[in-house]
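Chain A is fixed; fit chain B onto it per the hints.
2 protein chains.
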Amino acid sequence: MKTLLLGILFVFTAFVLKAQEGHELWLRSSQKTVPVKIICSKNTPTLAIARQELQQGWQGEPNATVTLSITKNKKIKTDGFRLTQHEVEATTDRGILYGVYELLRRQQTGEGIQDEICNPSYAIRMLNHWDNLNGTVERGYAGMSIFWRKDDPFVVTEQDKTRWQEYARANASIGINGSSINNVNASPTVLTPEYLNRTKAIAAVLRPYGVKTYLSVNFSSPKVIGGLPTSDPLDPAVIKWWKDKVDEIYTLIPDFGGFLVKANSEGQPGPQDFGRTHADGANMLADALTPYGGIVMWRAFVYSSNDKDRAKQAYTEFVPLDGQFRDNVIIQVKNGPIDFQPREPFSPLFGAMKKTPVMTEFQVTQEYLGHSTHLAFLSTMWEECLQSDTYQEGPGSTVARCTDGSLYPQKYTAIAGVSNIGLDTNWCGHHFAQANWYAYGRLAWNNNLRSEQIADEWIRQTFPPASPSTTGSSLYAADWRENFLVPVKRMMLESREAVVNYMTPLGLHHIMSANGHYGPGPWWAPEKMRADWTPPYYHQAGTNGVGFDRTKKGSDAVDQYREPLAAQFNDPATCPDMFLLWFHHLPWDYKMKSGRTLWEEICAHYDKGILQVRQFQKTWDKVQPYVDSSRFVAIQRKLRTQCSDALVWKDACLLYFQQFSQMPIPYYLERPVNNLDEIRANEFLKRIP
Amino acid sequence: MKTLLLGILFVFTAFVLKAQEGHELWLRSSQKTVPVKIICSKNTPTLAIARQELQQGWQGEPNATVTLSITKNKKIKTDGFRLTQHEVEATTDRGILYGVYELLRRQQTGEGIQDEICNPSYAIRMLNHWDNLNGTVERGYAGMSIFWRKDDPFVVTEQDKTRWQEYARANASIGINGSSINNVNASPTVLTPEYLNRTKAIAAVLRPYGVKTYLSVNFSSPKVIGGLPTSDPLDPAVIKWWKDKVDEIYTLIPDFGGFLVKANSEGQPGPQDFGRTHADGANMLADALTPYGGIVMWRAFVYSSNDKDRAKQAYTEFVPLDGQFRDNVIIQVKNGPIDFQPREPFSPLFGAMKKTPVMTEFQVTQEYLGHSTHLAFLSTMWEECLQSDTYQEGPGSTVARCTDGSLYPQKYTAIAGVSNIGLDTNWCGHHFAQANWYAYGRLAWNNNLRSEQIADEWIRQTFPPASPSTTGSSLYAADWRENFLVPVKRMMLESREAVVNYMTPLGLHHIMSANGHYGPGPWWAPEKMRADWTPPYYHQAGTNGVGFDRTKKGSDAVDQYREPLAAQFNDPATCPDMFLLWFHHLPWDYKMKSGRTLWEEICAHYDKGILQVRQFQKTWDKVQPYVDSSRFVAIQRKLRTQCSDALVWKDACLLYFQQFSQMPIPYYLERPVNNLDEIRANEFLKRIP
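Just so you know, the protein sequences line up as chains A and B, in that order. So for the first sequence, the numbering used here puts the first residue at 30; every next one is plus one. So for the second sequence, the numbering used here puts the first residue at 30; every next one is plus one.
Be aware that one or more of the hints could be misleading.
For chains that are exact copies, the list does not tell them apart, and a pair is met inside one copy or across any two.
[What the hints assert, rightly or not] Keeping only pairs whose Cα atoms sit at most 30 Å apart, straight-line, the calculated DSBU-like set for lysine-lysine is:
| id | residue 1 | residue 2 |
| --- | --- | --- |
| 1 | Lys637 | Lys647 |
| 2 | Lys651 | Lys622 |
| 3 | Lys241 | Lys103 |
| 4 | Lys71 | Lys103 |
| 5 | Lys647 | Lys620 |
Calculated directly from the structure, the hints in this document are not laboratory data.
Okay, chain A solo, but in the shape it has when bound:
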C-alpha cells in the first residue's frame, strides 16, 4: 500500500508543484502575502526598496501598520537595526532595508520577533568575483560573468541592469554590502576609462541596495596602462598615478569602496618586484584612497617555490610587517594556510597580527569541493573556521573574534567570500550551491550563527511547503517538516564532511587533479614542475607512510600556532584525527584512536563518503513529492554524478596509496570499480560540468 501511495504521489506531484528554475533564489514570491500600511518619514531610493519589499512580501497581520524610523540610537551600529513586529529602527536607510529583510525572513520562516537589536559582526561584508573582463569566471561553474562580456563590452543593456538589480537585491537580503567585481588576477585594463564607465553603471544599480563597488587592481597598472617606466610604490610618479586614478574613480563613483590586491602571489606583480615590502605597496594605495574613505584589501595568499613548507609562508612573510600598515589596509587571509581545501586547520595568521586588521577570505565557489556538481553545504566549514580557538588572547580567542574587532581595535572590520555566481538561470549551477551564497552572507552578518539555523532558514525560504489552500491537499502542511525539512537539513549539514571523506580525509590535502581541481590527482607530478604545485609534495606518500611532517622535527609549522595548540598538533596522540596527516607523516600501520591502522582508517573514511552520498540520493529521491519537478530532477541528476565521481575519487586515492601501503583494502569494504591507470589515462578529472 505504501508503495502504491508513493506511486500515486509520483505522478500527481508533477501537476501540483509549478516547475521552478531557481532564479528567485531564497526570495520566492509567496501566495500568502497580504496588504500592509507603511509609515516612513523620509524617502530615498533605498527606503523606496524597503517599502516595496514590505508591500510585496508582508505575511503578517493583514493591513497592519509598520513604521520605519531613522534615529540616532547609539546601540545601533551602522547597518544595524532594532526590530519589533511592526517597527524597524535604524541609524541609516541601509539599516532600515536590512531590518525589513530580516522582518520578512522571520515571517517566512515562522521564527518569532522579540524587541531586539541586530548589529553586523563585520562592517564590510564582501563578495569577491573572480570575473575576467572577457566574461569568463575563474573557478566559476555557473556560466559566464554577470558583469563583463567579450562582445559589445561597454553596452549596458536593460537585461544587464535587471540582472545586476536582482543580484544586488539578493545580496541586500542577507546583508552583503560590497562587491569586488573583477578577478584578483586582475587585468590592468579594468582601470581604463571604458571599464571604469561600465563599473560606474554597475555601481549605480548596486547602490540603492547598499552594495558598494570595489575593484581588484593589478600592481603593474602604472606601467602597463599608465605608460610609466616603473610601478615601484615609492616612486613619486607612481604614487601620483594612483592618486590621479583614485580621483578619477571617485569622480565617477563617489561611494567607491576601494581596492582588492593580489600582489607577489602566483606570478602577479607586486612591491617585492622593486625591493619593497607588502606594507610599502599597500600603504601607497591606501594613502590614495584615504581622502575618500576607501580601503585596501591586501591578500596574504603568498608562497614561493623554494620554501620547504608552503603552509608556513604567509605567516612568515606577514607577521614581521605587523604594525606597518595604514589603518585603511586590511590583510585578507584565506581560512586555511594552503588554499581553500575541503578541510584545513585555520591559518595561524589569525590573531597573530595584533596591530593590523585581518579579514577572512572564504571560497563560496566550490573550486576544490566538486564545483557545481557536488552538493556541499559549506556553512559548516566556515563555522568550523570561525569557531576555531586561536588562543592568541587566551581561551575563546576564536578566528571570529580575532577578525571582528572584539579582540583587537580595528578601524575597519571585514570578511570576504569568493562568489559562485554566474549567468546560469539559477545563478550558482547547483540549486543547493545557492545555499552557500546565502550562508556566507548570513555568517558575514553574524559570525556566531550556527549552520543548523542557516540551513533551516534557507530551506524554508527556498523550498517552502506548498500552500494547502492552493493544492487542495493537506499533505504538505501535515508532514512537510518531518519528511522534507528535517532530512534535507540533515543532508546539508552532513554534506561537506562527506566530501572530506571521499576526497581528503584525515588531514590529507591538495591531492586533486591539477587540471580543473575537480577530480583526484594524487599522482600528478610532471618533471620539472615546481614541487609545491604537485600533490606528492603534500601527501608525501611512500612505503614508509603518508602525510606532511609539520611537527617540530619536520617543517615546524606547528610553531606558528599558539600554545596549547602547538603542542597538541605536534603529538599524533593529541592531534585531532581530522588534521592528522596535515601535521604528521605516519606509517601505514600506525595505530589510530579507533584501534584501526592508519591504512584501514583511510579506507574506511573514503568508503564512508560514498555511503553518505548514496544516503543523500535516497534522501532526495524520497522528498520528490515536496519539490517542483524541475528542481527535483536537476538535483537528482547532480547527485547521481556526484556519486559516480565520488567513487572515482575513492578508487583513485585508495588504489594510488595502496601502491605504497601494500596492504589490501579491508575486505568488509566495497571494492574499487575503477582502475587506476584508466582514471589517469582518461583524465576524467578534467570534467567541468
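Coordinates of chain B only, in the frame set by chain A:
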C-alpha cells in the same frame, strides 16, 4: 593483526606464484609428476599422444605400469572407455586418448577411480567457430581467428600448427571431437580450392587428437562460386555440383565431418528462395555426404519479420517437416526459442520432432552475457536447459534425453557450442571464460554432469594450489580448499544468475543494445526497423504493464509446450517467476508471490545483481594470496568493469521502465548513478573490450 598478516601476504605472494598468462588453460604442467611405465600393443598418432600425455602428466604411484588396451568390449561405445587406476580400455584409439585424459584429470583433482565404464552422451560433440575468412570472429571477444587471417591467408606457419595442436589437445582433453571452423554466416569462398587446402592443413593437425573438421556452407555456393544459374536444391546441376564438391573435399580430407548450414535465416540464402523446404535443402546436401558418412547440421534458427511472435517460428516451421529428413541430417536448435539470452525457457522443438534427430546449440561465447568482460559461468545455464523436462514422453523427458538418443532412436546424436576462442594469449579473453569452454566439453560428454562438479574440476586444474615443497609455506596446503576453492566455486555457480538479475530478470529478454549486444538498450527502436529486431517488441512495456503475452489469450506460444507445461506457463500464478514476463504481460502493481509488486520485484532483482557482483569482487580480492599476480590482476580488473557496467544495466533498465511504471524505485534500494539520457547519448552500450 589479521590485517597485518594479510598485508604481508599481499607483498609476499607476488614472489611466490609465478605469473601466468593463462595460455595453458586447465592443462597446466604440474611439479608433482613422476615416472610411469606404459604398455600398449599398438601404435598410432593418437596413441602416441596418449602415451606422451601419460608420461608428462602422471601423478600416481611412481614407476607404476599403465596398460592401454584396444578391445571389442560391447559395453564401451565409440569414444568411450573403461578405466581403472592402471588401465584404460577402449574400442578405438580415440577412446584410449579420452581415457588417459580422464585418468590424469582424476589424479589432478584428487577424485578417486573405480573400475568404471564411461561412454559419451553424444556421438558428435562440436565446437562451432563463427570465424570469418578475413580473420575476424563474429561475436568473438578474444582476438582474431585461430584458423583464418587476412594477410598471407594460405600460408601455414609453424606458429599456426602449434596453436591448432594446442587447441586440438584442449578439445581432446574434454572430449570435443568436432570443429566447424568457419562462420555459419558462411562465405561461399570457403569451398574454393585454396581454402579447402588450408582446411586440409587444419584437419591434419586436429586429426590425431580425434577432432574432425566440418565446414559451414553457404546455400548459394553453386551459383556464387560454381557459376550455375541457380542454387535450387532440386536442380540436377546443383545436385551434381554439391556431389562433386563433396568428392573434392573427401579427396583432401578423408575423415571430413560434414556441413553446418544456416539457411533462410537472417538474410542467408536457402531452399525457400526456390520454393523448396528446409528438408529439400538439407536432404540434397545429406545425399552428397552419405557415401562418406558425413552429416548435415541444419540450423532451426529461423524467423520472419511478419510473425506476431518470433518465439513460435522455429517450431511452426520445422515440426511439419518431421519425418522428412534423411537420417544423416540433424536439426540444430538453440537452447531457447529466441537467441542465447541470459535466460530463456527451453525451445519447444526439443522432443517435438520425434522422427528427426535434434541437437542443442549452446553459445559458449558470451554474446549476450557481457562478452569477455563479465564473469559468467554458463554451465548452470546449460544444465538448466538440459535438465528441463519437456514431458514429451511423460515426466523425465528432459531436453538431455530428447537429444541423446535415449528417448528417440537416432542414427547420429550431437551437440554444438559456439566457440569463445581467439588469438588472445589466454584463448578466451577472460580467464574465467575458459571455464565455459571446459564446461561445454564436459556436458557434451556427460549431459548429466552437475555444474558444481564441473566448476570444482576446473578450478582444481586451472588454479591448482601451490605446492608446499616449492613455496616453503604450508599455507596453501592447509587452507586452500576453504579459502580458495569453496568461495571461487560459489562465485562461479552464482555468476550467471547475477547476470540475469542485472540484465534480464523475471523473464525479460532481448533488451540489449542493438550495437554489439553488450549494454542495455530497452529503448532501441529506430523508425522503419523491423519490429522483431527491437527490444520494445519483446518487453512490451507501457503504462499498463510489461512483458510479452504468450498465453492462450496472447500469441499462444504456450501451446507449443506439452502439458502440464502449457497450463503451468499460461497462468501467472503457476508460471515460474524466472519466466514470468516471457509468457505474461502484467500490470506494474501485479502482486508477486513474494508479496511485492511486480515493479518492486523488478527493482529488487536488478539491485541484487549489483550486490552479487560486488560480492564477487570481494571474493576475488580475498583469494589474492592463492593466485599468481598476472591472472589475479587481470580478473580483478574485469570484475571492476563488470561492476560498473552492471550498474549501467540496472540504471538504464530501471530508469527506462520507470517511465512507464511511474513508480519510485523502492527507497530501501540504492539509487541510480547514471542518467538515462546520458547512457543513451554516450552509446556506452557499444563497448567491446
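Each hint tested on the structure:
no. : hint            : verdict
1   : Lys637 x Lys647 : both (15 Å within a copy, 17 Å between copies)
2   : Lys651 x Lys622 : between (36 Å within a copy, 26 Å between copies)
3   : Lys241 x Lys103 : within (24 Å within a copy, 106 Å between copies)
4   : Lys71 x Lys103  : within (20 Å within a copy, 120 Å between copies)
5   : Lys647 x Lys620 : between (34 Å within a copy, 25 Å between copies)
Every hint from the earlier list agrees with this structure, and none is contradicted.
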